[in-house]
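Participant: One letter stands for each residue in the lines below.
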Amino acid sequence: MTTRKFFSSPWRALGFFLLLLVTMIWLLPFLTALLTSVRTNNDILTQGFIAIPKEWTLGNFRTAWERGGLSNYLPNSFYITIPALMGTLLLSSLSAYALARFRFAGNRLIFFLYVGGTMLPFQVLMLPVFRLTDALGLYDTHLGIILFHTAFQLGFCTFLLRNYMRTVPGEILEAARIDGCGEFRIWWQIMMPLTLPAVAALATLEFTWIFNDYLWSIVLLRTDALKPVTAGLATLQGQWIMDWTVIVAGALLATVPTIIVFIFLQRYFIEGLTLGASK
Amino acid sequence: MLAKKKIVPYLFLIIPLVLYLIWVIGPMGYTFYLSLTKWDGLSKPELIQSNPFRNYERLFRDPVFFTSLKNNLKWILSFITIPVVLGLGLAIALNRSIPWAKFFKASFYSPLVLSLVVCGLIWSWMYHPAGGLINSVLRRITGNPELSIGWLSDEKLVMWSIIIVAIWRQAGYVMVLYLAGLQGVDPQLLDASKVDGCNGWNTFRHVILPLLAPVTVIVVVISIIDSLRAFDLVSVMTRGGPFNSSSVLANFMYIEAFNNYKMGYAAAISVILFAISAVFIFIYLWNIMKDEMEY
Chain V
1 MTTRKFFSSP
11 WRALGFFLLL
21 LVTMIWLLPF
31 LTALLTSVRT
41 NNDILTQGFI
51 AIPKEWTLGN
61 FRTAWERGGL
71 SNYLPNSFYI
81 TIPALMGTLL
91 LSSLSAYALA
101 RFRFAGNRLI
111 FFLYVGGTML
121 PFQVLMLPVF
131 RLTDALGLYD
141 THLGIILFHT
151 AFQLGFCTFL
161 LRNYMRTVPG
171 EILEAARIDG
181 CGEFRIWWQI
191 MMPLTLPAVA
201 ALATLEFTWI
211 FNDYLWSIVL
221 LRTDALKPVT
231 AGLATLQGQW
241 IMDWTVIVAG
251 ALLATVPTII
261 VFIFLQRYFI
271 EGLTLGASK
Chain W
280 MLAKKKIVPY
290 LFLIIPLVLY
300 LIWVIGPMGY
310 TFYLSLTKWD
320 GLSKPELIQS
330 NPFRNYERLF
340 RDPVFFTSLK
350 NNLKWILSFI
360 TIPVVLGLGL
370 AIALNRSIPW
380 AKFFKASFYS
390 PLVLSLVVCG
400 LIWSWMYHPA
410 GGLINSVLRR
420 ITGNPELSIG
430 WLSDEKLVMW
440 SIIIVAIWRQ
450 AGYVMVLYLA
460 GLQGVDPQLL
470 DASKVDGCNG
480 WNTFRHVILP
490 LLAPVTVIVV
500 VISIIDSLRA
510 FDLVSVMTRG
520 GPFNSSSVLA
530 NFMYIEAFNN
540 YKMGYAAAIS
550 VILFAISAVF
560 IFIYLWNIMK
570 DEMEY
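In the order they appear, the protein sequences are chains V and W.
The first sequence runs 1 to 279 under our numbering.
The second sequence runs 280 to 574 under our numbering.
These are computed hints drawn from the structure, not numbers from a lab.
Certain hints may be false.
Computed Cβ-Cβ distance ranges for the label pairs, DEER-style [what the hints assert, rightly or not]:
(1) V:34 <-> W:557: 40 to 50 Å
(2) W:480 <-> V:171: 41 to 51 Å
(3) W:375 <-> V:222: 47 to 57 Å
(4) V:239 <-> W:416: 26 to 36 Å
(5) V:222 <-> W:312: 18 to 28 Å
(6) W:484 <-> V:135: 49 to 59 Å
(7) V:171 <-> W:484: 36 to 46 Å
(8) W:570 <-> V:102: 18 to 28 Å
(9) V:171 <-> W:465: 25 to 35 Å
All C-beta atoms, glycine included, are put in the ideal place defined by N, C-alpha and C.
Full structure from sequences and hints, please.
Facilitator: Set out below in structure tokens:
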């Protein structure tokens with residue numbers, strides 16, 4: 001329908017502007033954050049929030065980045081997220097292949113263990129995982145938190161990939177088998193390329209999830225120099241308690257990586273979300 | 280050859296499954312044991328010999344526990360209604376050719392990519408009594424320059440103020456799920472109902488809604504589980520205060536464990552959290568199992 005034709009009905013036009021209004025309200029927090037981050041604290045204090053700023057500044061971003069420690073926290077987020085993401089995708093594609101393509105004792109039980117674990121409020125695991133990590137000497141290390149993320153995300157990834165792998169026609173695999181292809185080669189050279197769309201969607205979603213994790217980074221890490229950006233922001237908030245312009249600028253900086261992922265991989269992100277819920 | 284073939288799936292499974300059992304399934308069981316112990320997080324957990332259930336007895340006399348429980352319930356009730364209705368409404372509105380549909384969709388699900396910590400911080404600033412956007416706007420509207428509502432410091436308001444943030448983030452997610460569900464609705468069915476003289480509301484009520492029922496089940500279960508997981512927003516915005524009025528189970532548990540070093544007690548809280556969620560996990564698994572058996 002062309003735009004002109006759409007607006008020919010007054011009801012449709014009314015609905016459209018109602019929708020536009022709701023959308024604007026929805027975007028208000030983003031606009032507020034952007035506006036706050038380029039003002040000075042002083043300006044907001046003296047003029048109030050609703051005013052035309054007398055001075056603009058990018059200083060808040062600099063303060064958050066340098067003195068607020070974002071230059072340290074943000075790389076940490078990547079050091080944790082990337083290995084955990086690779087680990088969980090690789091391992092879950094292994095277990096998903098076994099569950100999707102073989103009949104064996106315990107197949108269904110293992111599948112339900114994975115699915116059930118995914119739904120768990122993960123706080124239930126907080127204390128035992130804290131103790132386990134500590135006992136392994138991995139408390140307050142990146143490896144400790146990477147291992148946990150890798151293991152915990154296995155549930156969701158296996159569930160999703162297993163369902164996807166089931167849709168691959170069996171004849172392709174059978175043909176390879178007859179040609180004398182080993183199972184590991186079938187998995188890596190035939191199944192994995194065919195599963196790539198699902199892996200892409202999953203990777204996008206998992207990146208956001210692991211990157212945005214807060215609980216495990218405050219439970220398994222203590223040293224400030226090791227913290228990812230979510231936990232770092234909480235520290236920042238404590239340090240700059242009155243200086244909201246710096247806090248908000250920091251929050252915006254922390255969001256840049258996920259926003260980039262969102263802009264470029266939006267389609268995969270949405271696919272991942274719906275794949276996960278529609279079974 | 281046959282024996283070799285039998286072992287293949289286990290070879291694929293061994294590493295991921297062992298990792299999963301050690302880090303997820305094992306700990307789940309270990310929590311139950313911890314809940315019967317006295318443990319400060321540094322020394323070894325010690326089983327309470329005199330009365331293994333002491334942590335639970337104390338829990339059921341702790342008013343903070345009941346406040347947290349009530350707050351989780353408020354969260355659940357808001358979550359299975361407001362974002363679901365909003366998300367469904369948006370999905371229906373955007374599932375047709377309207378100008379700027381892409382922009383609208385992206386606007387509603389964009390909060391999903393923000394971490395809850397970032398959401399919490401930005402909204403804390405919007406709620407700020409003096410400089411925040413919300414009170415500033417209200418002051419303009421009411422013309423009362425003295426107006427200063429403590430969105431996060433008033434015991435009666437604080438929980439709802441936090442839940443609104445969660446709803447803001449959740450509605451787009453629900454919308455995405457319903458939009459995917461609507462893709463599966465056969466347009467011919469809608470035409471047929473129109474031919475049969477159904478008006479918009481009746482088509483929605485008697486055709487679309489029943490077809491979306493499976494999506495609704497998933498949405499409701501996910502919303503409940505998400506409500507029970509609620510932690511980040513509370514931790515960042517109020518830490519459960521003032522006077523525990525915005526405490527939720529996960530946050531209550533974290534504070535008992537890592538601020539008060541009563542880890543045995545915290546484990547008892549997590550067992551309760553587990554018991555509540557187990558009901559819904561079971562419903563979800565049951566749902567999947569029904570489909571599985573049809574294979």
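Participant: Has the hinted range 18 to 28 Å been met by the Cβ atoms of residue 570 of chain W and residue 102 of chain V?
Facilitator: holds, 20 Å
Participant: For the range 36 to 46 Å, tell me whether the beta carbons of residue 171 of chain V and residue 484 of chain W fit it or not.
Facilitator: holds, 45 Å
Participant: Does the Cβ-Cβ separation between residue 375 of chain W and residue 222 of chain V fall within 47 to 57 Å?
Facilitator: holds, 52 Å
Participant: With 49 to 59 Å as the target window, see if residue 484 of chain W and residue 135 of chain V comply at their CB atoms.
Facilitator: holds, 57 Å
Participant: Taking 41 to 51 Å as the hint, is the beta-carbon distance of residue 480 of chain W and residue 171 of chain V inside that range?
Facilitator: Hint holds: Cβ distance 48 Å, inside 41 to 51 Å.
Participant: When you take the CB atoms of residue 239 of chain V and residue 416 of chain W, is the distance between them in 26 to 36 Å?
Facilitator: holds, 29 Å
Participant: State, for the Cβ atoms of residue 222 of chain V and residue 312 of chain W, whether the hinted interval 18 to 28 Å holds or is violated.
Facilitator: holds, 25 Å
Participant: Kindly confirm whether 25 to 35 Å is satisfied by the beta carbon distance between residue 171 of chain V and residue 465 of chain W.
Facilitator: This hint holds: roughly 30 Å between Cβ atoms.
Participant: Check the following: the C-beta atoms of residue 34 of chain V and residue 557 of chain W are separated by a distance inside 40 to 50 Å.
Facilitator: Taking Cβ atoms as reference, residue 34 of chain V and residue 557 of chain W lie about 43 Å apart, which means the hint holds.
The structure agrees with every numbered hint stated previously.
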